[in-house]
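Undergrad: Given the sequences, and given the hints that come with them, work out the whole structure.
The primary structure of each chain is shown beneath.
2 protein chains.
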Amino acid sequence: MAPAQARDVRLRADAARNRQAIIDAARQLYGRRGLDAPLDEIARLARVGNATLYRHFPSRCALAAAVFADTLQRVIDAAGRALADPDPWHGFAAHVRFLCELQSTGRGVADLLITRVSGAPELEELRESAYASLVAIAARAQASGALRADFVPEDLALLLMANAGLVSRTAEAAPQAWRRFTDLALDGLRSAAATGAAPPPGRAAVQRAMRARGDDLGYS
Amino acid sequence: MAPAQARDVRLRADAARNRQAIIDAARQLYGRRGLDAPLDEIARLARVGNATLYRHFPSRCALAAAVFADTLQRVIDAAGRALADPDPWHGFAAHVRFLCELQSTGRGVADLLITRVSGAPELEELRESAYASLVAIAARAQASGALRADFVPEDLALLLMANAGLVSRTAEAAPQAWRRFTDLALDGLRSAAATGAAPPPGRAAVQRAMRARGDDLGYS
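Chains A and B supply the protein sequences, listed in that same order. Heads up, the working numbering is the position in the first sequence plus 943, with the first residue counted as 1. Heads up, the working numbering is the position in the second sequence plus 943, with the first residue counted as 1.
To be clear, the hints were calculated from the coordinates, so they are not data collected in a lab. Don't take each hint at face value.
[Claimed, not checked] Some chain A residues near chain B, calculated using beta-carbon distances under 10 Å:
| id | residue |
| --- | --- |
| 1 | Asp983 |
| 2 | Leu1101 |
| 3 | Ala1114 |
| 4 | Arg1122 |
Backbone N, C-alpha and C define an ideal beta-carbon position, used for all residues, glycine too.
TA: As structure tokens, this is what we get:
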């Protein structure tokens, strides 16, 4: 290799290393602090300058996409497993538990599931796909008679918003609290339990709430 | 009145007016921003200087006590009504709805119910009293057979932590979402719905979580 080529290879290797260090640092800080973790703290933890972070990820949304795309892909994979479960209720309950457990792994991912990242269309496409699977999982569980007839997919968005609040308040002191909460909530979603309930918010209202949360956290 | 006396009366009236203006401003900002609303913004909204605020309320805890003591008293009063309800389940459900609705009225009060304010013993005494009533309300509903046998008072703390997360994420876009969520959660607490659940966190763990939240929000 000519010296200039060798230098290019080294520079590209450095860039790839920096990029990965930034993603790892972001994942760690999002987990501890939430999606609004300051970019300069992420750069510091990754041991890169702010300019380097900005060169790799020109916006908060771009960084969130790099950190969380595979997380949403895992959600979609889990949804596929839920749909393949021979017992529709069991598949539904397992998927709800999967989502709530995922939220318990970090404050960032807890919010990611119910926060619109407007500037990261690749994340929002994955979210749409995850949502479509969820609708199918719920429809199957309802058709089987096990999931209450008045359940709507927005109910799961409310549950995840609630669980995000719970995990952020219990992460250190009672890290298993989400399991108890999720089990009790699932019991409330069974047909056998249903006694009627206030009307759910519409999908548009839930989407507005998710967008507002994105705005709050700096992802508008 | 001698001029000096008249001046004293005027000064005392000014002080009382300032104190009330600070409390009103704090209530408003806690509602919008949460319990960690900055004191200097509260002073600005109340149109007083930081020194005046500090003279009336030497700590965040003292200010929170002035704002929220009557709120906790209302919780205790509501608990008394729940205990007087001839239908134990109805009393229990009404009290849970009362608490969740109270949380929906502002971010500060949403957190107050599940945040220890260590430096305000008067609030913590009221909280103890509210907790004792809750234990009695739940025991009565359990004895009637309507509330699931494995319910423990800590479950309600988890529900309120969850609802705090929900109301903070839906306040603008779906302000009635808490009603739907609370109804579904209550269905999950009925004996008829119970299918077994993960063990609840102990009371000590929930108290640690409430203290940690207080620390996070600046009330240690």
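Undergrad: Look at each hint and say if it fits the structure.
TA: Hint by hint, here is what the structure shows:
no.	hint	result
1	Asp983	21 Å, violated
2	Leu1101	5 Å, holds
3	Ala1114	9 Å, holds
4	Arg1122	4 Å, holds
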